[in-house]
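Taken in sequence, the protein lines are chains H and L.
For the first sequence, position 41 matches number 771 in the working numbering, and the numbering has no gaps at all.
For the second sequence, position 287 matches number 469 in the working numbering, and the numbering has no gaps at all.
Since the hints were made in silico from the structure, they are not lab data.
There could be a bad hint or two in this list.
[Stated by the list, open to error] Pairwise CB distance ranges (calculated):
{"id": "1", "chain 1": "L", "residue 1": "F604", "chain 2": "H", "residue 2": "N734", "range": "35 to 43 angstroms"}
{"id": "2", "chain 1": "L", "residue 1": "W366", "chain 2": "H", "residue 2": "V770", "range": "26 to 34 angstroms"}
{"id": "3", "chain 1": "H", "residue 1": "Q755", "chain 2": "L", "residue 2": "V433", "range": "17 to 25 angstroms"}
Positions of the beta carbon are idealized from the N, C-alpha and C atoms, including for glycine.
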Amino acid sequence: MKFNPELERRLKSVEEDREMRTFGQNEWFILVLFGLLVPVGLIILGGYLL
Amino acid sequence: MSHSDSDTSIYPLLPSERTWSAGKITVMWMITGVATWCYIIGEYIGYYLPFVSGAIAFIAGSFIGGAILLLAAIPISMRYGIDTIMSAVPQFGTRGRYLAIFFSYLVLVGWNSILIVFFGKSITQLINITGVTLPIDTSLIAPLATIFIILLIFSFLIHGLLRFYLIAFISGTVIVISSLWMFWVLWRDQHQAILAAAPLYSSSNWQWNYITVIELGIAMCLSWWPYSSAITRKAPRASYAVMPIFLAVAVFTPIISLLGLAAVLVTGSSDPLGWLVSIGGTTYGLVAILFVIFANIGTAAIGVYAAALSLRSLPWLNTQPWILVLMLAMMPMIMICLLIPDLFYTHFGTFAAFLGVAFAPICGIQITDYFVLRRGKVKVRALYNYASQSDYYYWFGFNPAMILALLAGYAVYIYLLNPLTFVSHMPYEWTTASIPTALIAGLVYYGITRLWIIPAGHGGYQ
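Go ahead and model the full structure; you've got the sequences and the hints to work with.
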């Protein structure tokens, strides 16, 4: 499909972008820590205090 | 296309346009999260749990919700510099994205209506408290304040979000200082009462109360789905999104919510204007109104921006002037705030439960699709191709796997926790409603895609 020149330019730029811009090890570590371990710990603590 | 124009477009941002630092992203997320809705959330926590366990449960729920949010729309938008709606095209389909626009728009209108109405009510209260006599009928104060805030937001956003940063930074500073001060004032005078206070309308089942507050934390975070990529697509790398989001959803927002929780437990009202005036007179009341003005304007502005950006995904608005899209985005909010101001405000509990129903399955489906089925790869060109040859056209522009998985998710959520009656069924008291909903929706999506969509050659799966 033919896109307008501006969109085409942007799509090319994104496709040629070599920087992955995805979650690396550090981000996965933070996600597991704050998304899983910390809340589980908090839930146990809160339940104990209740 | 200038830098400012790309900010008001749904086209992917160029790497050179993705220049926001982690600090800037943090400020914008904080402005998004911190608003007077936090008081209403705090009030709801106070219905079910006392202060300490309520605080812990809500923060835990917020961390879980923040992680789900981070794994849903954000990885796709971070990777390609696109907004939330475009990030949902691979799952919803080229026409199915209208459904995503509908959900986003409804939530943004709901939240913004609450904020704007709160603003109008606060101005009315302030005028009553200070005893200022105005040459107009008092019933006109709230509508006039509403029109004022709407015009202000419109003027902020006329050039997109880029020039809004300075205002956001000032708002953020005022919000943090005034919140800490308000918390200190309340804690100094009432800390024993806060710690000893019993919840207002708790169930006799403590586990139900506890899990309901965790669910509230999760659902609140998931409701940020429409906002999420509007901000983070401007970050140059993924690390700039993770910590700011956790800080916003699990630190800043809960802190302000706890202020509402503490206030409702000891004064019966989460609105700081009322209790600050009773403690320190009109001077304290002025600080509270300052907080309401700054906090609500910032959040409402980002909400309007996200709503306008989602409307840009409609083909007939894609090339229209930004000012027109902005006006269309604001129109329903204006109508609701002026004609039926209490629609969302007085039905907040139902609205909050609707947020969980609406977004938990969407998040579960997006996570499954992007990480499990597509292994982190999306065909960015196909996102903008609405023709029947597009990989994301599926059948008539709709992905049946998405529709069936959404329906399965809704059924699971409503079975676990009815958002209208709050009647729950096992295993809600152990699992919450949002987490199993996201899991089941993801599983149904995975199964249908593997068994039907991929064999039929649709969806661009490799």
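Evaluated hints:
1. In this structure, F604/L and N734/H break the distance hint of 35 to 43 angstroms, their C-beta atoms being roughly 50 angstroms apart.
2. W366/L and V770/H have their C-beta atoms about 31 angstroms apart, which keeps the hinted 26 to 34 angstroms range intact.
3. Judged by the Cβ atoms, the range 17 to 25 angstroms given for Q755/H and V433/L holds: they are separated by roughly 23 angstroms.
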